[in-house]
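**Q** Chains A and G are the protein sequences, given in the same order. Going by the working numbering, the residue at position 1 of the first sequence is 1; the numbering climbs one at a time, nothing skipped. Position in the second sequence counted from 1, then plus 112, gives you the working numbering.
Derived by calculation from the structure, the hints in this document are not laboratory data. Among the clues, some could well be false.
[Said to hold, decoys possible] Where chain A lies over chain G, by a calculated footprint (3+ residues, C-beta under 8 Å):
| # | stretch |
| --- | --- |
| 1 | 147-157 |
| 2 | 174-184 |
[To be verified] A few chain G residues that don't get close to chain A, going by computed Cβ distances all over 10 Å:
| # | residue |
| --- | --- |
| 3 | 120 |
| 4 | 125 |
| 5 | 213 |
| 6 | 214 |
[Unchecked claim] Straight-line alpha carbon distances no greater than 20 Å define the calculated SDA-like cross-link-like pairs of lysine to any residue that follow:
| # | chain 1 | residue 1 | chain 2 | residue 2 |
| --- | --- | --- | --- | --- |
| 7 | A | 52 | G | 123 |
| 8 | G | 169 | A | 95 |
| 9 | G | 169 | A | 1 |
| 10 | G | 169 | A | 3 |
| 11 | G | 169 | A | 2 |
| 12 | G | 169 | A | 96 |
| 13 | A | 52 | G | 214 |
| 14 | A | 52 | A | 72 |
| 15 | G | 169 | A | 97 |
| 16 | G | 169 | A | 94 |
| 17 | G | 123 | A | 43 |
| 18 | A | 56 | G | 214 |
| 19 | G | 123 | A | 72 |
| 20 | A | 56 | G | 213 |
| 21 | G | 123 | A | 42 |
| 22 | A | 60 | G | 214 |
Note that the Cβ used here is the ideal one computed from N, Cα and C, for glycine as well.
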Amino acid sequence: GNSVTQMEGPVTLSEEAFLTINCTYTATGYPSLFWYVQYPGEGLQLLLKATKADDKGSNKGFEATYRKETTSFHLEKGSVQVSDSAVYFCALSGSNTGKLIFGQGTTLQVKP
Amino acid sequence: GAGVSQSPSNKVTEKGKDVELRCDPISGHTALYWYRQRLGQGLEFLIYFQGNSAPDKSGLPSDRFSAERTGESVSTLTIQRTQQEDSAVYLCASSGTSGYNEQFFGPGTRLTVL
Chain A
1 GNSVTQMEGP VTLSEEAFLT INCTYTATGY PSLFWYVQYP GEGLQLLLKA TKADDKGSNK
61 GFEATYRKET TSFHLEKGSV QVSDSAVYFC ALSGSNTGKL IFGQGTTLQV KP
Chain G
113 GAGVSQSPSN KVTEKGKDVE LRCDPISGHT ALYWYRQRLG QGLEFLIYFQ GNSAPDKSGL
173 PSDRFSAERT GESVSTLTIQ RTQQEDSAVY LCASSGTSGY NEQFFGPGTR LTVL
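Chain A extracted, bound-state conformation:
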């Protein structure tokens, strides 16, 4: 069945460092891919998405490119801020119902 694997955390970085959170998936067909973020004390919210191969999703300085050849959707940001500290979830949707299959989440802590 479909699945998502994320790099384990926690990830601790200094402010302005480069961020990569790896995400790979297993799916039949052509799923849509998502990154969700959960800031401390807040609900889960969509960060970015990509619906077909080679699409790049971007938002708030974060980017991820849908790579079908490597079945990956790695999250990157060139310069992280303390306010980016949160839990990041990679997810896919492979059915017409839209139900999401999530990775286990990666905690990012950015220190000043």
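With chain A fixed as given, assemble chain G onto it according to the hints.
**A** Frame of chain A, contents of chain G only:
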């Protein structure tokens, strides 16, 4: 309110008791989803409602779990004879339609089974 709301925010119950969790989706959203997040794990899909269609119950872990939705409004998730392994945060999400539209999540209900 403008967002998805859930109640209660916290629920502590004893093993063997039944619990009912409530979700109020965003007005006008036809699709509603329930997920479960156990400590240190990702979210697991439980059930999906779309309008008057038959729900997709493929994620429900056992027959102790059930859910209902009244039209395109409130949904309740019921867990009967709760077990300690049911302890988790239960999240509800809604979207304008099914498919690849953004899902908006509620704050969740944290269930603790003693």
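**Q** So, for every hint listed, does it hold in this structure?
**A** Verification of the supplied hints:
| no. | hint | in the structure |
| --- | --- | --- |
| 1 | 147-157 | holds (count 7) |
| 2 | 174-184 | violated (count 0) |
| 3 | 120 | holds, 15 Å |
| 4 | 125 | holds, 23 Å |
| 5 | 213 | violated, 7 Å |
| 6 | 214 | violated, 5 Å |
| 7 | A:52 to G:123 | violated, 40 Å |
| 8 | G:169 to A:95 | holds, 14 Å |
| 9 | G:169 to A:1 | holds, 16 Å |
| 10 | G:169 to A:3 | holds, 18 Å |
| 11 | G:169 to A:2 | holds, 17 Å |
| 12 | G:169 to A:96 | holds, 15 Å |
| 13 | A:52 to G:214 | holds, 15 Å |
| 14 | A:52 to A:72 | holds, 12 Å |
| 15 | G:169 to A:97 | holds, 12 Å |
| 16 | G:169 to A:94 | holds, 16 Å |
| 17 | G:123 to A:43 | holds, 18 Å |
| 18 | A:56 to G:214 | holds, 16 Å |
| 19 | G:123 to A:72 | violated, 38 Å |
| 20 | A:56 to G:213 | holds, 17 Å |
| 21 | G:123 to A:42 | holds, 18 Å |
| 22 | A:60 to G:214 | holds, 17 Å |
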